[in-house]
Amino acid sequence: MGNNGNAPDLSSRLLRLVIVGHVDHGKSTLVGRLLSDTGTLPEGKLDFIRDICKQQGKDFEYAFLLDALEEEQEQGITIDTSQIFFSTAKRKYVIIDAPGHKEFLKNMVTGAADAEAALLLIDANEGVQEQSRRHGYILKLLGLTQVAVVINKMDLVGYDEKVYSNIKKEYTAFMESLGIEAREFIPVSAKLGVNIAALKDEMPWYKGPSVLDMVDQFEKKPPPDHLPFRFPVQDVYKFDERRIIAGRVESGKLKAGDRVTFSPSNKQAVVKTIEAWSVPEQPSAATSSESIGFTLDEQIFVERGDVCTLTDQLPIVSTTFDANVFWMGKRNLEKGRKFVIKLNTQEVECEVVDFKKAIDASTLETLTNQDYIAKNDVAELTLSTRNPVAFDLFGSIATTGRFVLVDEFDVCGGGIITTYTPATKEDKLRDEVRTRDFNWIKSEIKPEERAYRNGHRATLILITGDPGTGKGPLARTLEHSLFQNNFQSYLLDRRNVNLGLGADLDDPKSNSESESARRLGEVAKLFLDAGHVVISTSNAFHQEDQADLKLLANPYPVVEIQVASQPTGEPDIALTLEEAQNAKDASHKIQEFLKEKKILMGHNYSI
Amino acid sequence: MDHLDELENQSIFILREAYKNFKNLAMLWSIGKDSTILVWLARKAFFGHCPIPLVHIDTTYKIPAMIEYRDRVAKEWGLNLVVGKNQKALDEGMNHEKGRLVCCEALKTQGLQCIMEEHGYTGLILGIRRDEEGTRAKERYFSPRDKNFEWNFKDQPPELWDQYKTSFADDTHIRIHPILHWTELNVWEYIQREKIPIIDLYFASPEGTRYRSLGCAPCTGTIDSTAKNVDEIVEELKNCTTSERSGRAQDQENTYAMQKLRARGYM
Numbered sequence: 008m009g010n011n012g013n014a015p016d017l018s019s020r021l022l023r024l025v026i027v028g029h030v031d032h033g034k035s036t037l038v039g040r041l042l043s044d045t046g047t048l049p050e051g052k053l054d055f056i057r058d059i060c061k062q063q064g065k066d067f068e069y070a071f072l073l074d075a076l077e078e079e080q081e082q083g084i085t086i087d088t089s090q091i092f093f094s095t096a097k098r099k100y101v102i103i104d105a106p107g108h109k110e111f112l113k114n115m116v117t118g119a120a121d122a123e124a125a126l127l128l129i130d131a132n133e134g135v136q137e138q139s140r141r142h143g144y145i146l147k148l149l150g151l152t153q154v155a156v157v158i159n160k161m162d163l164v165g166y167d168e169k170v171y172s173n174i175k176k177e178y179t180a181f182m183e184s185l186g187i188e189a190r191e192f193i194p195v196s197a198k199l200g201v202n203i204a205a206l207k208d209e210m211p212w213y214k215g216p217s218v219l220d221m222v223d224q225f226e227k228k229p230p231p232d233h234l235p236f237r238f239p240v241q242d243v244y245k246f247d248e249r250r251i252i253a254g255r256v257e258s259g260k261l262k263a264g265d266r267v268t269f270s271p272s273n274k275q276a277v278v279k280t281i282e283a284w285s286v287p288e289q290p291s292a293a294t295s296s297e298s299i300g301f302t303l304d305e306q307i308f309v310e311r312g313d314v315c316t317l318t319d320q321l322p323i324v325s326t327t328f329d330a331n332v333f334w335m336g337k338r339n340l341e342k343g344r345k346f347v348i349k350l351n352t353q354e355v356e357c358e359v360v361d362f363k364k365a366i367d368a369s370t371l372e373t374l375t376n377q378d379y380i381a382k383n384d385v386a387e388l389t390l391s392t393r394n395p396v397a398f399d400l401f402g403s404i405a406t407t408g409r410f411v412l413v414d415e416f417d418v419c420g421g422g423i424i425t426t427y428t429p430a431t432k433e434d435k436l437r438d439e440v441r442t443r444d445f446n447w448i449k450s451e452i453k454p455e456e457r458a459y460r461n462g463h464r465a466t467l468i469l470i471t472g473d474p475g476t477g478k479g480p481l482a483r484t485l486e487h488s489l490f491q492n493n494f495q496s497y498l499l500d501r502r503n504v505n506l507g508l509g510a511d512l513d514d515p516k517s518n519s520e521s522e523s524a525r526r527l528g529e530v531a532k533l534f535l536d537a538g539h540v541v542i543s544t545s546n547a548f549h550q551e552d553q554a555d556l557k558l559l560a561n562p563y564p565v566v567e568i569q570v571a572s573q574p575t576g577e578p579d580i581a582l583t584l585e586e587a588q589n590a591k592d593a594s595h596k597i598q599e600f601l602k603e604k605k606i607l608m609g610h611n612y613s614i
Numbered sequence: 356m357d358h359l360d361e362l363e364n365q366s367i368f369i370l371r372e373a374y375k376n377f378k379n380l381a382m383l384w385s386i387g388k389d390s391t392i393l394v395w396l397a398r399k400a401f402f403g404h405c406p407i408p409l410v411h412i413d414t415t416y417k418i419p420a421m422i423e424y425r426d427r428v429a430k431e432w433g434l435n436l437v438v439g440k441n442q443k444a445l446d447e448g449m450n451h452e453k454g455r456l457v458c459c460e461a462l463k464t465q466g467l468q469c470i471m472e473e474h475g476y477t478g479l480i481l482g483i484r485r486d487e488e489g490t491r492a493k494e495r496y497f498s499p500r501d502k503n504f505e506w507n508f509k510d511q512p513p514e515l516w517d518q519y520k521t522s523f524a525d526d527t528h529i530r531i532h533p534i535l536h537w538t539e540l541n542v543w544e545y546i547q548r549e550k551i552p553i554i555d556l557y558f559a560s561p562e563g564t565r566y567r568s569l570g571c572a573p574c575t576g577t578i579d580s581t582a583k584n585v586d587e588i589v590e591e592l593k594n595c596t597t598s599e600r601s602g603r604a605q606d607q608e609n610t611y612a613m614q615k616l617r618a619r620g621y622m
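Here the protein sequences line up with chains A and B, keeping their order.
Just so you know, we're using this note's numbering here: the first sequence kicks off at 8 and counts up by one.
Just so you know, we're using this note's numbering here: the second sequence kicks off at 356 and counts up by one.
Watch out, some of these pointers could steer you wrong.
[Stated by the list, open to error] Heads up, simulated SDA-like pairs for lysine to any residue below, C-alpha to C-alpha not over 25 Å straight-line:
| # | chain 1 | residue 1 | chain 2 | residue 2 |
| --- | --- | --- | --- | --- |
| 1 | A | Lys52 | B | Glu431 |
| 2 | A | Lys52 | B | Thr538 |
| 3 | A | Lys245 | B | Glu431 |
[Stated by the list, open to error] Calculated from the model, a selection of chain A residues having no Cβ within reach of chain B, i.e. all distances over 12 Å:
| # | residue |
| --- | --- |
| 4 | Glu50 |
| 5 | Leu206 |
| 6 | Pro230 |
| 7 | Ser272 |
| 8 | Lys274 |
| 9 | Leu317 |
| 10 | Asp438 |
| 11 | Asn503 |
| 12 | Val530 |
| 13 | Ala571 |
| 14 | Lys605 |
Bear in mind the hints are in silico, worked out from the structure with no lab data behind them.
Remember, it's a predicted structure, so these values are computed and weren't measured experimentally.
Note that CB positions come from ideal geometry on N, CA and C, so glycine has one too.
Generate coordinates for the entire structure from the input sequences, incorporating the hints supplied.
This is how it looks when you write it as structure tokens:
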């Protein structure tokens, strides 16, 4: 919630800097040194560390400033990422010290994911190691490309320029293969404080910046205000008379009066107000990274997971897409097993349908013919979700183009969406429906006005079940009974649609079956647009058709009445075969349900 | 957007994630400045409302002014206040003379445990910050605790792109830390900007001392200070080189005191 720019800027902007690299290459020591040399430490802290080191019979360890856990100090390694504040004359920083041990990659990712710049350490004595490469790769995947390489422990190689040049050459080649370029290679000794806060005399051949100068040169990323507006809905609040859609602006801008669309539902409305509590003045606009809330001009159904955008800048909606994924789980990421994908506020079951390329992240070698990846590896793959999700390509809008994968209770992987091509029939149909909806020429008569006149809202009632379960008689009874109660009901019989509209489809058993379902759905849509209660039937084995019908009827509600001895899926009403036999009572039950759902409202109600 | 807006927006996002993902959620309110700004942030997040119950663990050794302030603010802001204490330990005469860490664990950690069991809370919001001390610097925004309240700091869940741990096994709960990324100075700058009414124990007495961190009377010391109001505290902190919890006796009991307390469920 911004203060509309009225608040004074109380200090310079903070930069988030992560320190990565192989285990024992001196990351924590470097950070400890930076803190100490810039006078950031509280009084007594150095003495405190000196005492611990003495107790343990060790030389003074700068690393202990961050490695606060007993186990870390005893073993001399960083287990978990630590965040420490420090400042230079230029600005403030959060330094994120990430562990370099392979076991703790998930902690490294945690540390690096939100950073804006990175220092990657390489031990001059050991050279480029497994995690030096893996961390480089992960940085690239996280979209963190503002990187400087620090070649540490130069004191152990006699400050030899040749050692420095060889490492620089080797690692530059590696980074080139990832498509990133290091800002600088800085030779240092963190332990002895050489080239950390300032350049020292030990390596006169090096003319570049010290570590401190380098970090001051990193740039802050501008906020993504210039990108299309993206607002994943976090929640909908009704604490008082206002119905507030809450969430965070991930990119772009929004102002009161904007026409917005919610994906994947395609519902549209106009933003009425932008809400805020205890602010100098009520906001009328919002920009990226603001946690806001707004109200709409009409009461459409919106829920967590919907992605709100401007109507002329829609996201992609699909159930399949290609992604680059890194894996941190104890169990493998394998084809066919179910995971949960969390993409902004959307949460849905998913699985890998194709491994295009599995890669060992420490060598960049392709692991051929492998239908899984193990912990610490990465892959290019195709994901398929149970329900459609709304997203962008990572390359266009980063914050809505990335996701995590959850296995059981834990986040086990992260990924970025690289490409999308409508592959399945459903994807193509959905794209078609979206195009249709956005180009639909709307009547002067609003759906609410038709609903007022008719005493009911336009709805598709789909009666499903096996052949011979009495769906047909029930549908006819329901149509008639609704009509007698003064409602505009119409039984849309598939056979009638096929007789005329589908006359050119020769064999209903072949591929044209889905085309016949599409035509039925489009006709239903027209009747719905005219405000009717449309009744239709579908056989249980036509699951796919039913999904298509629901897609085509959108945004009108679909009520499923299932006739079966054992209900499957999630019908709105499940009727046993006996119940369906008594069509009159069943019809009554359905109408009671429609009243309860405020679909049948009766005449003379007020809106 | 300035740096306080950035901090505020992130905290609001976290509070809303917590509210959406946990059916039985509570917020710990120690009456101190950090948890009081949490309450304020909740009112921002939920547009003037605080739909989350506030739990205050009363050790009975709190400074009396804190209880008076608690009840007054709770009434003014319309808060749902739940007070918990470890009555059994108190009846048995628990106090800091039995050992500061023993006392903290009995009256605070176990006091909290009792009330969480009683109400079945699965999510607990706390106002801890990374800059307070070393083990807190390693915390997650959403941090799991097992059925014994223990924190497995050696195997924490990854946390990236604001995707938090929101699913967990039965018998465990999640600690949620919406202001983990704030500093002590940020907290005071925010109090200054938002004009949040804060308990006056933080302001210097005529004798020239003030509390920098609030706890139980026997274990919380004052610092020398002349800062009589929020503006003066902000100025004081900008030039300060001692640590915030230096007045908290339990931290200094031994080298890894805070790690040990926190691993067993301390805040």
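Exercise. Against the structure shown, which of the earlier numbered hints fail to hold, in ascending order?
Worked result: Violated: hints 1, 4 and 6.
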